[in-house]
Amino acid sequence: MSENATHDAPADTPFVASLAHKMAATLTRIVYEMDMKAVAVQASQAELIKEMDRLTAELHAVLAAADDPPPVDPLIQRLLVCRKRLMTANNSLAVSKERLSRVRGLLIAGSSTGGR
5 MSENATHDAP ADTPFVASLA HKMAATLTRI VYEMDMKAVA VQASQAELIK EMDRLTAELH
65 AVLAAADDPP PVDPLIQRLL VCRKRLMTAN NSLAVSKERL SRVRGLLIAG SSTGGR
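For the sequence shown, my numbering begins at 5 and goes up steadily by one.
Honestly, the hints are just simulated from the structure, not real lab data.
Take these hints with a grain of salt, some might be off.
[Claimed, not checked] Listed next, the in silico DSS-like pairs over lysine-lysine satisfying Cα-Cα at most 25 Å (straight line):
| hint | residue 1 | residue 2 |
| --- | --- | --- |
| 1 | Lys54 | Lys88 |
| 2 | Lys88 | Lys101 |
| 3 | Lys41 | Lys54 |
Given the sequences, and given the hints that come with them, work out the whole structure.
In structure tokens form, the structure reads like this:
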């Protein structure tokens, strides 16, 4: 047996197994917390999008009813641009949330099999 053969085999000692389990548990908790925060941000942004849609509809109604409407078209355009950016950010958050969920699943699966 060569000297390198001992370095090629995984160090399957109780210390290494315990350390791996503790690291997986810590990472699982961190990923779970990040996942929950992403869900909260996503929900908050969805509410903001709904409110922006409501304001846009209300502005359109006010403009339609006014005899001499004030020049608010640039404001409506800014509102629509902000809404589009929020929707893009929300989609990115959804992708990130899915990735975090997969990482959490891998960590849970890895810790339940002892890291193998």
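**OP:** Please work out if Lys41 and Lys54 have their alpha carbons no farther apart than 25 Å.
**Re:** Holds. Lys41 to Lys54 sits at ~20 Å (cutoff 25 Å).
Subject >> Restraint status (C-alpha distance of Lys54 to Lys88 at most 25 Å) >> reply: holds, 12 Å
Original post:
Are the Cα positions of Lys88 and Lys101 separated by 25 Å at most?
Top reply: Judged against 25 Å, a Cα distance of about 20 Å means the pair holds.
In this structure, every one of the numbered hints holds.
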